[in-house]
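Undergrad: Chain by chain, the residues run as shown.
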Amino acid sequence: MALSYTLQVVNLLAALLLLIAFAMLSQRRIAGLVTLFAWQGGALAASTAIVAWSTGQHHLYYSAVLTVVLKVVAMPWYFFRLIKRLDVDREVEPMINIPTTMLIGIVLVIFAFNLALPISQMAGTVTRSTLGIAMASVLLAFLMMITRSKAIPQVIGFLAMENGLFFAATSASYGMPLVVEMGVALDVLVGVFVLGIFFFQIRETFDSLDLKHMEKLKER
Amino acid sequence: MTTGILLQVLQTLLAILLAPLLMGWVNQCRAWLQGRSAPPITQPYRVIRKLFHKDAVIAHDASPLFRFAPYMIFACMALAAGIVPTIVNDLPFSPAADVIALVGIFALARVFLALAAMDIGTSFGTLGARREMLISFLAEPALLMVFFTASLISQSTELPVIVETLAHKQFVIYPSLAFAAVAFWMVSTAENARIPVDNPTTHLELTMIHEAMILEYSARHLALIEWAVALKLFVYSALGIALFLPWGIAQAGDLAALPLAVLALLGKLLAGGAGLAFLETISAKMRLFRAPEFLGTAFLLAVLGMLTHFILEV
Chain A
1 MALSYTLQVV NLLAALLLLI AFAMLSQRRI AGLVTLFAWQ GGALAASTAI
51 VAWSTGQHHL YYSAVLTVVL KVVAMPWYFF RLIKRLDVDR EVEPMINIPT
101 TMLIGIVLVI FAFNLALPIS QMAGTVTRST LGIAMASVLL AFLMMITRSK
151 AIPQVIGFLA MENGLFFAAT SASYGMPLVV EMGVALDVLV GVFVLGIFFF
201 QIRETFDSLD LKHMEKLKER
Chain B
1 MTTGILLQVL QTLLAILLAP LLMGWVNQCR AWLQGRSAPP ITQPYRVIRK
51 LFHKDAVIAH DASPLFRFAP YMIFACMALA AGIVPTIVND LPFSPAADVI
101 ALVGIFALAR VFLALAAMDI GTSFGTLGAR REMLISFLAE PALLMVFFTA
151 SLISQSTELP VIVETLAHKQ FVIYPSLAFA AVAFWMVSTA ENARIPVDNP
201 TTHLELTMIH EAMILEYSAR HLALIEWAVA LKLFVYSALG IALFLPWGIA
251 QAGDLAALPL AVLALLGKLL AGGAGLAFLE TISAKMRLFR APEFLGTAFL
301 LAVLGMLTHF ILEV
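As they're listed, the protein sequences go chains A and B. The first sequence stops at residue 220 when you use this note's numbering, and every number in between is there. The second sequence stops at residue 314 when you use this note's numbering, and every number in between is there.
Derived by calculation from the structure, the hints in this document are not laboratory data. Check the hints yourself; a few may be wrong.
Not the full set, but computed from the structure, chain A residues with beta-carbon under 10 Å of chain B [stated by the list, open to error]:
{"hint": "1", "residue": "Leu18"}
{"hint": "2", "residue": "Phe22"}
{"hint": "3", "residue": "Ala116"}
{"hint": "4", "residue": "Pro118"}
{"hint": "5", "residue": "Gly132"}
{"hint": "6", "residue": "Ala136"}
{"hint": "7", "residue": "Ser173"}
{"hint": "8", "residue": "Pro177"}
The beta carbon of each residue, even a glycine, is placed where N, CA and C say it ideally should be.
Model the full assembly from the supplied sequences, consistent with the hints where possible.
TA: This is how it looks when you write it as structure tokens:
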């Protein structure tokens, strides 16, 4: 293998990202999910910083710092506060049982790897082989959103999906322009806060954070 | 050739003699982490010595299989300890150190233990044997997948070749081994009857798996089984070291590296034992019917490791 050590570390972090995505799929407790999400953010920030260092793309440093501030510190802290105030940290059974979810996850990973293979052959970046992993993490986060019925895991799934997309951008084209990244980060931050307020509203209306109740909404 | 045989004998004896010490170290770390006063590190040796001095009590209905099983189990584990490279690579027995054969040796020991447990006809023995079979038929494919991930990297299922590739060729980070390592930890907790799958210190009928199988054993038979359990933990630790932290294992015929290899092994076992105790302390024993899910996860992670190998390392 002719890859330099920095790239090997990026590959390792990519694998960690996927590992954490799988751990999230199998996690029943919401607090555990938030912790895993923070770790995923950490792995993402580390890999972004290493790509920045090895390719000399300075704007990636800013996005790495942004990731640490938002996804490792601010959002997990906010989620932990929400969990405490909503008092929702219990084991929740997902809608499909976990072994089945994991099996579907494996199929998704194979699908993503196959899909990414021709794309990554065309990409000119040194990190192109991690594109498949990025796509797989996006799909796994999507799967998590589908299989969870509670509100907070769905939002965490959404954020994990954003992590995957971010990683895809880094690996396919050394990240988006800084303006776009800042915009996305701001959007996500605002989105999370708005959803946090929504949680309270949802619970007030239905006495539960289970989004299945929303299916029965009707206009009178 | 003579040095080879000598080294082989030395490595096997070292494993057999060190195994209870590792067990004692893990127990000591666990006691510290749980805020209890720890038993001395030599406690497993004392237990084994005490058991060897006692008279064996054997049920009237026991068949010869019941008496024979402890020797068989101990022999299997001693063989496994002999062929896994712990301090020196490429010894006379090394051609036998095929990972698939190794899984077979573990399976042989397990079959004898389960048969002996059912032999007496007590309900606990049968219960334990069935639970053990449930756990192990799920753990075995996961273990094989972990081995295959390492085999894909080194293009061989022989442990010495795997160690040679990982430790003595050019240093490369293999992301697929990260998956394999997590899966291996999950499998080894199940195979060694540790928390979260089984609690080695419990005698509660609702939860015990391994203990239920050996309830009828006493004296020298029990001593051999306890020793074999310690050996199994040692072999799994050695396997983990060989697959994921092989640096320090001496190359074939490199006698000067031997003292360093022994020191490296001791250091890694100390760290590994403490790590195991830590992981056991922070996790809770799970319900028996969660175990299939746990081991299924291990299997899928190992498969994921293989997939990652193809996408990132080829």
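Undergrad: Are the hints correct? Go through all of them and say.
TA: How the hints compare with the structure:
no.: 1; hint: Leu18; result: holds, 7 Å
no.: 2; hint: Phe22; result: holds, 7 Å
no.: 3; hint: Ala116; result: holds, 8 Å
no.: 4; hint: Pro118; result: violated, 13 Å
no.: 5; hint: Gly132; result: holds, 5 Å
no.: 6; hint: Ala136; result: holds, 9 Å
no.: 7; hint: Ser173; result: violated, 19 Å
no.: 8; hint: Pro177; result: violated, 27 Å
The structure is inconsistent with the numbered hints 4, 7, 8, although it conforms to all the rest.
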